[in-house]
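First to last, the sequence lines map onto chains A and B.
Counting from 1, position 301 in the first sequence corresponds to residue 301 in the working numbering; the numbering is continuous, with no gaps.
Counting from 1, position 41 in the second sequence corresponds to residue 1041 in the working numbering; the numbering is continuous, with no gaps.
Some clues are possibly wrong.
[As the list claims (entries may be wrong)] Calculated cross-link-like contacts (lysine to any residue; reagent style SDA-like; alpha-carbon spacing at most 20 angstroms):
| id | chain 1 | residue 1 | chain 2 | residue 2 |
| --- | --- | --- | --- | --- |
| 1 | A | 53 | B | 1096 |
| 2 | B | 1053 | A | 448 |
| 3 | B | 1096 | B | 1046 |
| 4 | A | 53 | B | 1013 |
| 5 | B | 1053 | A | 75 |
| 6 | B | 1053 | A | 16 |
| 7 | A | 53 | B | 1016 |
| 8 | A | 53 | B | 1138 |
| 9 | B | 1053 | A | 56 |
| 10 | A | 53 | B | 1059 |
| 11 | B | 1053 | A | 13 |
Since the hints were made in silico from the structure, they are not lab data.
2 protein chains.
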Amino acid sequence: MTQTESAYSEMVERVRQGRLLAACMGLLSWDERTYMPRAGGPLRGEQMALLAKLYHERLADPRLGELLDQLADAPLGELEQACVREVRRVHHRAVKIPKRLVEELARTTTLAQGVWVEARAKSDYSLFLPHLQTIVRLKREEAQAVGYDQSPYDALLDEYEPGATVAQLQPIFTALADALVPLIAAIANSTVRPDRSIIERDYPVDRQRFFAESAAAALGFRFDAGRLDVSVHPFCSGLGPGDCRLTTRYHPRRFNDGFFGMLHEVGHGLYEQNLDPQHFGTPLGEAVSLGIHESQSRLWENQVGRSEPFWRHFFPRARQAFPEALAEVGHEAFYLAINEVTPSFIRVEADEATYNLHIILRFELEQALLADQLQPADLPLAWNERFQQLLGLSPPDDARGCLQDIHWSSGGLGYFPTYTLGNLYAAQFMAQARRDLPGLDEAFARGDFAPLRQWLTQSIHRHGSRYRPDELCRRVTGQPLDSSIFVTYLRDKLAPLYRL
Amino acid sequence: MTQTESAYSEMVERVRQGRLLAACMGLLSWDERTYMPRAGGPLRGEQMALLAKLYHERLADPRLGELLDQLADAPLGELEQACVREVRRVHHRAVKIPKRLVEELARTTTLAQGVWVEARAKSDYSLFLPHLQTIVRLKREEAQAVGYDQSPYDALLDEYEPGATVAQLQPIFTALADALVPLIAAIANSTVRPDRSIIERDYPVDRQRFFAESAAAALGFRFDAGRLDVSVHPFCSGLGPGDCRLTTRYHPRRFNDGFFGMLHEVGHGLYEQNLDPQHFGTPLGEAVSLGIHESQSRLWENQVGRSEPFWRHFFPRARQAFPEALAEVGHEAFYLAINEVTPSFIRVEADEATYNLHIILRFELEQALLADQLQPADLPLAWNERFQQLLGLSPPDDARGCLQDIHWSSGGLGYFPTYTLGNLYAAQFMAQARRDLPGLDEAFARGDFAPLRQWLTQSIHRHGSRYRPDELCRRVTGQPLDSSIFVTYLRDKLAPLYRL
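Take the sequences, apply the hints, and build the full model.
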């Protein structure tokens, strides 16, 4: 074995140990949100803190730094180079952020999350304000510690979307807002009104569960290597090869919560289940970014799951499963109801068109907070003003305004843009899939999702973190990320539906 | 802080970290046996191996040895001394067994367990023989490495039952066998025949589950701090304060599997739930031995759960839950059916009288194997001969003979005696509880189990590992372990039932 080979294999062995610890944390966290008895919380907190410490020690291990230095100019193949690049990124981040700051952030955000729950419940921003002030200050310190070329926000973005910068995203998001605002206004003026009551009737939970599991299996989620459980907030936890766990939630009078929650998580789950198990433990066997991950969930939830051919297959089955709700309902009325576009206050309840305006608002405000151009004390006013401009509504209180998301209380500044990146990548990938795979709609209408799933696996899942997100996008679609593809998709779908 | 105080608190901190890792392994193992998707096995194996390595590193840490040396003659309170004693025991065991031997045992038993499954399925002892030969050899090495005063078997026993020795157990077990064999023979000659069909009828699983959970709650198992799930083999996993998980299994035509499985695990669970949470992480907050643990499960399963007053409370409820099976059945016939005593081949299906003969057989054979007085090749013959002497039956094949248990394939020589110790301790504790708490049967008949539970908590659970098992027994009952108490309990109960 050459020196390079031995350094590389030692690096992989060390990184893999960290990944196994992360998989343990993944299970503990899954359990905490699904089956853990209520009184188990404090013990679970101690278990997680210990594993997180052991995990961080491995990421920041000086020996890992030595190996990365040895490998910096070593003659490596392209795959190995990509692996070293990603390990270096994570190692440097772990080394650069001082332990004191990590601990202060952990303490502050643990406290802030509890306060945020109360502040949102009471819609009292003043409770949350001092915590947000501290968090913004600490995240500014973090950005300085990590370093950046142009904007401090880039240092935060990089944690979630490697390589993404404000300079890259700003024009894309601006063009998107410019196109969405008039489209949404036109829909608001349409005479077509979806009948929402169709999807807000009696949908017995046990049958919702059966319907959702059958659909998940039909889309290709492997239940021998995964599960679908229930939790308050749906999530996907890919522990590693052979073990990927999804959750959704069922409301006895709302069809969308359970079904589209499941579809979204199945999208994440198919990504996790189709990563290359040979590379498990290294970045080559891991999802490349939150934006690309979200593209997979949005693709199945919206591009596929809110398409007309999808429901040509599933609507007759839905009528059988829910005769009380759907016996008298036609395919077209149902399709319109699940594609209702209308401005609303809460991001997580927003439709696929208005959703991105919620994100753009947060992207702008986060940058302003970090750059000290907006004081946390002025956040509610800034939120409400910009919300009015973007969505034409004025939030009646801060619970339905700037207090609605958990992200800031947990220190997740820089996370929000990945949601819209997901929507945009999803549209761009799907447009390419349609070019590469003629007859896709006919396949959906037959209930055949294998061609699309296999295309996604070959084009995206199997590469893990081999390519940076923007490079992956160019390789798969032949061009950089372009929001106009998403806008065209929306227009082509919504214009006939709303007779624009 | 004095030097002693600082050494003690560093020791506690280190031991506590190990305990948290063990709690992580506990959850991973619980999940593996309840909800893990099938294909997740290999990943889970890697996760467990890593955590086991980290755990062992902590137990065997030379720094822990230094601290124990410092504390050896330090002026400590009685509690602290007990804690140091138990930490030393575990540390010394971890240090004395060479790493090579630990790894060889792990490799050998992992392989052997797979082979054992096949050997049992085919009832082909020759498949398992070479693995058992290796295991016996390695366990002999382990005993030499750990050290012992009189018998090498003592070194193995000590892992499960601290302080127990062959010299202590042999006379107790011999007296027990001498008393049980004639009692069981007398029952076999009785004209009274329980009607087993009563408990082998339609017991719908969903109602069994509801009935079992209600009963578990009535006995005092706290569901806010625990769960009851389903697994192939019932078990109890106490992760730590606030999180104790039980399982049982339900058979649609057998009442006993689910209900008595639950009762047994509830006994373990009450021990775990009533350990002192202040001492979590140290031996003072942990169960003292497998024998004492089993005494708690057997006490609730048999001493309480197979008593007549217990069913005065629960039988009317059982009839409501299972009218198809029990509407025409009387209390006495039911009580007799759940107390059927009859020799059979399989230990885990044995009744509370014959059960201990299965254990005595294994105790004798394990000693002979370890002392090289019995060759593994001769095990089936030795098993069958002694089985005939003890239980009056001749196993028709090795699957129903020496291949029935998983223990030897996993290296668990020295484990079996703790089952009978549990039965004996249970009877001795219960006899004492009856002296200390007059009116216990009337309380059971009212469905009031709090007095007994509180007595067990104060007498046993709260002490954790403060006292060695034999010392605990003397403190609680005023005398050392005495099998005649168990025999008296059995005679007093079975003689009238079987009209002896």
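### Message
Of the numbered hints stated earlier in the document, which are not met by this structure?
### Response
The structure conflicts with hints 1, 2, 3, 5, 8, although it agrees with all the remaining ones.
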